[in-house]
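Enquirer: Work the whole structure out from these sequences, hints included.
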Amino acid sequence: PGGVFRVNVRGDGYASGEFLEVVPDRRVVFTWGWETPGSPVPPGSTVVEIDLLPEGDATVVRLTHRALPDDAYETHRHGWNNYVGRLSTVAEGGDPGPDPMRERA
187 PGGVFRVNVR
197 GDGYASGEFL
207 EVVPDRRVVF
217 TWGWETPGSP
227 VPPGSTVVEI
237 DLLPEGDATV
247 VRLTHRALPD
257 DAYETHRHGW
267 NNYVGRLSTV
277 AEGGDPGPDP
287 MRERA
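Just so you know, we're using the numbering used here here: the sequence shown kicks off at 187 and counts up by one.
In short, the hints are calculated from the structure, not lab data. Hints are not guaranteed to be accurate.
Label-pair distances were calculated between CB atoms; the ranges are [said to hold, decoys possible]:
1) E221 / G279: 31 to 39 Å
2) L206 / G279: 27 to 35 Å
3) T222 / A244: 33 to 41 Å
4) D243 / R192: 29 to 37 Å
5) V193 / D243: 27 to 35 Å
6) G199 / G242: 32 to 40 Å
7) D211 / E260: 25 to 33 Å
8) D256 / G188: 17 to 25 Å
9) G242 / Y200: 24 to 32 Å
10) V214 / D243: 20 to 28 Å
Computed from a predicted model, the values in this text were never measured in an experiment. Glycine residues also receive a C-beta, built at the ideal position from the N, C-alpha and C atoms.
Expert: Here it is as structure tokens:
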């Protein structure tokens, strides 16, 4: 908690934030926003919660993105679904192939 991150998600702009809560192997909570001038979701304006929930021999990833403006919801839903899906493929030992989000950038 208190640490910061900065990531170039698709190759065309940076998202950044601060870690608020870290529970090893169980949960991470951080602020999120885009550094792009005029973004409807500036750094620190929203909060992402990721919980790892055991379910039998598997793990369920529950991702909640709070305080998104209505006009940013669909874009972020599509992005998170893309990257959580790719993470699942890698976790199962597969190759997710080229990132379709990056190709659109």
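Enquirer: Does each hint fit the structure? Answer for all of them.
Expert: Hints versus structure:
Remark: the range hint 31 to 39 Å for E221 to G279 is upheld by a beta-carbon distance near 34 Å. Judged by the Cβ atoms, the range 27 to 35 Å given for L206 and G279 holds: they are separated by roughly 32 Å. For the pair T222 and A244, the supplied restraint of 33 to 41 Å holds, since their beta-carbon distance comes to about 36 Å. About 35 Å separates the C-beta atoms of D243 and R192, a value consistent with the hinted range of 29 to 37 Å.
One distance hint, 27 to 35 Å for the beta-carbon pair V193 and D243, holds here, with the actual separation near 31 Å. At roughly 39 Å, the beta carbons of G199 and G242 sit within the given window of 32 to 40 Å. In this structure, D211 and E260 meet the distance hint of 25 to 33 Å, their C-beta atoms being roughly 31 Å apart. At roughly 30 Å, the beta carbons of D256 and G188 sit outside the given window of 17 to 25 Å.
Distance hint check: the CB atoms of G242 and Y200 are about 38 Å apart, inconsistent with the given range 24 to 32 Å. Range check, V214 to D243: Cβ separation about 22 Å, and the 20 to 28 Å hint holds.
Of the numbered hints given earlier, the model fails hints 8, 9; all others are met.
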